[in-house]
Amino acid sequence: MPKMIFVNLPVADLAKSKAFYEALGFTNEPRFSDETGAAMVWSETIFVMILTHDKWKGFTDRPIAPHGSSEVSLALALDSREEVDAMIEAGAAHGGTADVNPVQDHGFMYGRDLLDPDGHVWGPFWMDAAVANGEQPMPEVAAQ
Amino acid sequence: MPQMIFVNLPVTDLEKSKAFYEAVGAANNPAFTDDTAACMVVEEGSIHVMLLTHEKWATFTSKKIPDAHTTAQVLICVSADSRDAVDGQVDKAVKAGGKADPTPTQDFGGFMYGRSFEDPDGHIWEVMWMDPTAIAAGEPAEANA
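Chains A and B, in that order, are what the protein sequence lines are. Following our numbering, the numbering of the first sequence begins with 114 at its first residue and continues without gaps. Following our numbering, the numbering of the second sequence begins with 106 at its first residue and continues without gaps.
Do not take every clue at face value.
What the hints assert, rightly or not - No more than 25 Å apart at the CA atoms, straight line, and that leaves these computed lysine-lysine pairs for BS3-like:
#1 B/Lys161 to B/Lys200
#2 A/Lys131 to A/Lys170
#3 B/Lys123 to B/Lys169
#4 B/Lys121 to B/Lys197
#5 B/Lys200 to B/Lys121
#6 B/Lys123 to B/Lys200
#7 B/Lys121 to B/Lys168
#8 A/Lys116 to B/Lys200
#9 B/Lys204 to A/Lys116
#10 A/Lys131 to A/Lys168
#11 A/Lys129 to A/Lys170
#12 B/Lys204 to B/Lys123
#13 B/Lys123 to A/Lys116
#14 B/Lys123 to B/Lys197
#15 B/Lys200 to A/Lys168
#16 B/Lys121 to B/Lys204
#17 B/Lys169 to A/Lys170
#18 A/Lys170 to B/Lys204
#19 B/Lys169 to B/Lys204
#20 A/Lys129 to B/Lys168
#21 A/Lys116 to B/Lys168
#22 B/Lys200 to B/Lys169
Unchecked claim - With the Cβ distance kept under 10 Å, some of the chain B side facing chain A (calculated, not the full set):
#23 Trp162
#24 Val199
#25 Gly202
If you're looking for bench data, these hints aren't it; they were derived computationally from the structure. Keep in mind it's a predicted model, so treat the numbers as computed, not measured. Ideal Cβ positions, reconstructed from N, Cα and C, are used throughout, including at glycine.
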């Protein structure tokens, strides 16, 4: 069975975050959602679990890292530059913040970063399939 | 194109982290690896982890890196095929220098079993088995949608 990934994120306002992730193109799975958490489906194997702070505390006693810091950034591969732009715009229109980090535009690759309402970093990106599949070597990326 | 996620994590010692992730079963993809970053494949074509040195990380964001040993911003959970596979994964992590069970074990008998480990930088990974028949049995009827 292919491995599945569940990215668990603490959120301050579950309904707001649910709307945000739906705007990004995730689908809510009601069977694994209640008033303390919501399963947001990206694909058959990729899920985001958004959890209220109270629920989150049941899984770890480590305090949530301070706003403005970043332990992780989550990148989703999309099919085109236009899809990247569309996701960024949809996120920004639903409580997110667009372009918190420099836009990565390298011809064969294009990526923009977005904060969710709680400051979690998402980086939708597009990469030329020939490069992604290894049919062409990855071009050198110039320093920022 | 299949749906792919890349979990980008900052690491203090790239070689050490690369060895750790290989020990827990992720294969290195050399095409996307250099001395500043390593692409580790958890599931070919869908789940990847990008390990980035702090210097490389800083070229992508000006946000500070929190100490993952003392705070947490994310818990990343990956499925396993059996209870034994869950335990095996945690054992491998410990042998490779990781720490076992930073979060409480989730044991719901014959239905679900989850444990966790932390990588050398404190990032928490959960490993979870769920009974596939239990998942399937919960499939909602169209009428309930």
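Status of each hint after checking the structure:
1. Proximity of B/Lys161 to B/Lys200 is assessed by CA-CA distance (about 28 Å); at most 25 Å being required, the pair is judged violated.
2. For the suggested pair A/Lys131 and A/Lys170, the alpha carbons sit about 19 Å apart, so the restraint of at most 25 Å is met.
3. For the hint linking B/Lys123 to B/Lys169, the alpha-carbon distance of about 22 Å falls within 25 Å, and the restraint holds.
4. Our distance criterion of 25 Å between C-alpha atoms is met by B/Lys121 and B/Lys197, whose separation comes to about 15 Å.
5. Restraint check: the Cα-Cα separation between B/Lys200 and B/Lys121 comes to about 13 Å, which is no more than 25 Å; the hinted pair holds.
6. Using a Cα cut-off of 25 Å, the hinted pair B/Lys123 and B/Lys200 holds, with the two alpha carbons roughly 14 Å apart.
7. A distance of roughly 24 Å separates the Cα atoms of B/Lys121 and B/Lys168; the hinted pair therefore holds under the 25 Å criterion.
8. Between A/Lys116 and B/Lys200 the alpha-carbon distance is near 22 Å, which keeps this suggested pair within the 25 Å criterion.
9. About 22 Å separates the Cα atoms of B/Lys204 and A/Lys116, which keeps this hinted pair within 25 Å; it holds.
10. Between A/Lys131 and A/Lys168 the CA atoms are separated by roughly 15 Å; this keeps the pair inside 25 Å, and the hint holds.
11. Using a Cα cut-off of 25 Å, the hinted pair A/Lys129 and A/Lys170 holds, with the two alpha carbons roughly 20 Å apart.
12. Of the supplied pair hints, the one linking B/Lys204 and B/Lys123 holds, its CA atoms being roughly 16 Å apart against a limit of 25 Å.
13. In summary, the hint linking B/Lys123 to A/Lys116 is supported, as the alpha carbons are separated by about 20 Å, within the 25 Å threshold.
14. Distance check on the hinted pair: B/Lys123 and B/Lys197 sit about 14 Å apart at the alpha-carbon level, within 25 Å; holds.
15. A hinted pair counts as satisfied when its Cα atoms are at most 25 Å apart, and B/Lys200 with A/Lys168 does not qualify at roughly 31 Å.
16. This hinted pair checks out: B/Lys121 and B/Lys204 have alpha carbons roughly 14 Å apart, not beyond 25 Å.
17. Note on B/Lys169 and A/Lys170: the hinted pairing holds, with a Cα-Cα distance of about 23 Å set against a maximum of 25 Å.
18. Proximity of A/Lys170 to B/Lys204 is assessed by CA-CA distance (about 20 Å); at most 25 Å being required, the pair is judged to hold.
19. For the given pair, B/Lys169 sits about 24 Å from B/Lys204 by alpha-carbon distance, which is consistent with the 25 Å threshold.
20. Taking the CA atoms of A/Lys129 and B/Lys168, the gap is near 24 Å; set against the 25 Å cutoff, the hint holds.
21. Taken as a hint, the A/Lys116 and B/Lys168 pair is broken in the structure, with Cα atoms around 31 Å apart against an allowance of 25 Å.
22. Using a Cα cut-off of 25 Å, the hinted pair B/Lys200 and B/Lys169 is violated, with the two alpha carbons roughly 30 Å apart.
23. For B/Trp162, the interface hint holds, since its Cβ comes within 10 Å of a Cβ in chain A; the closest pair sits about 8 Å apart.
24. Below 10 Å, beta-carbon pairs count as interface contacts, and B/Val199 has none with chain A, the closest being about 18 Å; its hint is therefore violated.
25. Taken as an interface hint, B/Gly202 does not check out: its beta carbon lies about 19 Å from the nearest beta carbon of chain A, beyond 10 Å.
The structure fails to meet hints 1, 15, 21, 22, 24, 25 from the earlier list, while all remaining hints are met.
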